[in-house]
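Generate coordinates for the entire structure from the input sequences, incorporating the hints supplied.
As they're listed, the protein sequences go chains A and B. Each residue of the first sequence is one higher than the one before, starting from 1 at the first, in our numbering. Each residue of the second sequence is one higher than the one before, starting from 1001 at the first, in our numbering.
To be clear, the hints were calculated from the coordinates, so they are not data collected in a lab. Treat the hints loosely; a few may be bogus.
Covered by chain A, per the in silico footprint, the following chain B stretches (three or more residues, Cβ under 8 angstroms) [unchecked claim]: (1) 1024-1036; (2) 1072-1078; (3) 1082-1090.
Every residue, glycine too, gets a C-beta built ideally from N, C-alpha and C.
Spelled out from the first residue to the last, the chains are:
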Amino acid sequence: MSKLYTGAEIVFKCLEDQDVKFIFGYPGGAVLPIYDELKNHNSIKHILVRHEQGAGHAAEGYARSSGKPGVVLVTSGPGATNVVTALTDAYMDSIPLVCISGQVPTHLIGTDAFQECDTTGITRPCTKHNWLVKDIKDLSKVLHMAFKVATTGRPGPVLVDIPKDIQFAKTNYFKPKKDKKLNGKKKNKFSSSEIDELMNLILKAKKPVIYSGGGVINSGPEASEVLREFVRLVGFPITSTLQGLGAFPGDDNQFIGMLGMHGTYEANNAMHDCDLLINIGARFDDRITGKIDEFSPKSKKVHIDIDPSSINKIIKVDLSIVGDVNEVLNAIVKKINKKQNGLKISNKQNISKWWEQIQKWRTKNSLGFVNSEKTIKPQHAVQRLYELTKDQDTFVTTEVGQHQMWAAQHYKFNKPNRWMTSGGLGTMGYGLPAAVGVQIAHPDKLVIDIAGEASVLMTMQEMSTAVQYNLPIKIFVLNNQYMGMVRQWQELLHEKNYSESYSEALPDFVKLAEAYGCKGIKVDNPNELDAKIKEMIDHDGPVIFDCQVDPNENCFPMIPSGKPHNQMILGPTDEKKNKITGKGKALV
Amino acid sequence: MAKPKSAYSIPTKKGKLDTHIIVVWVDNEAGVLARVVGLFSGRGYNIESLAVAEVDATKNISRITIVTTGTPQVIDQIKLQLKKLVPVHKVADFKREDKNVIFKEMALLKVVGKKKKIDKCLKACKSLNPVILDKTKQSVVIQVTALRRDIDKMSKKLKPFGLTSTSRTGAIAMTRGADTFK
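As structure tokens, this is what we get:
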């Protein structure tokens, strides 16, 4: 007879077999048996956070930057409820997480026991699936299944709730089953006639645009490679969603910037005027589409997505291809290469006028801003940060708000998995713990959280985690003393009634850094900015960088409420730039 | 109502609503009904009626029949979202007008009154082939199996004859002919 293991041992055996190296967690009464077992498993390192939400976001940062699932371990009751925000965030942004939560012993379930809550009930709508393990015999099967559900198809979070008595109970351990059927069967979901149809559309297009999203990142680094090959072959302009940044090089000439609410003028106009729209791994989010009725009215729409429920959910499309981005793009590239001679000449000529139009839009320089000698403009700060870090492999996380949009607009990403941001849920406080997770996955790389002072205070306690594990994360706070995006909406849409958006009693971030045992840097003079940024980068250890910026700066361009893509508000430089547009027109 | 200023998205016109019967085969496990129903409430879909019971005890399969209304786009979403749930095996969708599908609901009706009234009442519902399950001097319990709208009509008709309680199931569905839904 084979050896019997306790539930706690089985948890670790599963984690080992799933090749888990790190768990982000926080102990408590109902997970003590699992924590007790931790010491016997050297290949798995536990990262102690300071709040369970931080564990969740750290695991997200780990997963997004490494392509592996993030693992979270929390206790029952408050431990589980605290992680709900992170699970929902991961669900919205399709990030694979496996959350293991402790639960009160099975005989106490339903009795309002100490630290009991209906964890599977609470997390049902914010996970792909969850399990309450009531029988020890199910445990190994459920845990392996949990990893499979989290990582296959459209990735997402799952939760396994394990009552304390199950952690003590003993049974046999079962290794994960190898999937035989999945190979081959799942790969060819899409048909070659769909690829042919797409080829036809590509050949006919005169004003095409490619709109890529987080699905390309989730499909793995090869997907980004093949996307680049595809885009170069067809010569089309490409725009990206917030989540998709980095899949295509941000400084490439074919890249026309991010689209959507704070996207570039050229990207949004291209979306509006195009005759062929190819959506690759994006989901027509409302911050992308603006007014649905007037969204890209003249185009044939193609949607490539692994999740069939994403198709026709918001925008009706003419051609849908359900499949993994990497496989679909590979099929297209193969097809194009077969026909290459015909395509290379005719198609690029077809779209040359379109490129002229895009160049005209580009001359608007919609990301422009009026720089200042006296105060630091937040956009300038991001641009300098980019210039001073672009020569090394840098990972950027963000919080949520104006700083997030400025980071997306002005920091150019050239590789996938380098950009971690909370897009779907828009969770303030995501960036700092996410940076912790990213640094765990990439200990020798530069990891920067471009933050706002309001957001970062929501999970500031995780600095303590960073210090404990010597994680040299850089918290680059664009401090404007306001909840900037709220302030901006109040200025533009609520008659400048700045209701509760000003933070009156902000901490001294330098002293705060010192209190945590790390370095604090403060800068308010534009002339000192570069030197201070260098000081931050060169410091071997975590840094809180308090960058005092102009509190009244707004994030432009912007599509205002209920407007289509071609009715953007441009920034204060617009009038001046109009003249340049005139000149620009003469040039092309 | 004035347009909310900071609303980014303004609801667009709604399309025509159709009634569909969605049949879902699921693993009969704890919480599976909550997953299905939670999906409907969480995404704002409508449930007109719901019927669920285990249909295969060896394979542990339950069959859930849901009557819902929605635009064609919403109905598509309902099916696709249901298929994403882990315990869901397959999803069938029938239009209410579909001639190839049999829809039935059952109702238990209790009528209280004198013999005359009860006789009148039994006569009135003859068209629905009533089954008398219980009869006393002052009351009768009738079982009818029919379409929802016929049962609706019937209960209206029976009100004056002393109908005191009604208990109804949700609709269940089965295709006609030898074919089964794969």
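For each hint, the structure was consulted:
1. 1024-1036: holds (count 4)
2. 1072-1078: holds (count 3)
3. 1082-1090: holds (count 4)
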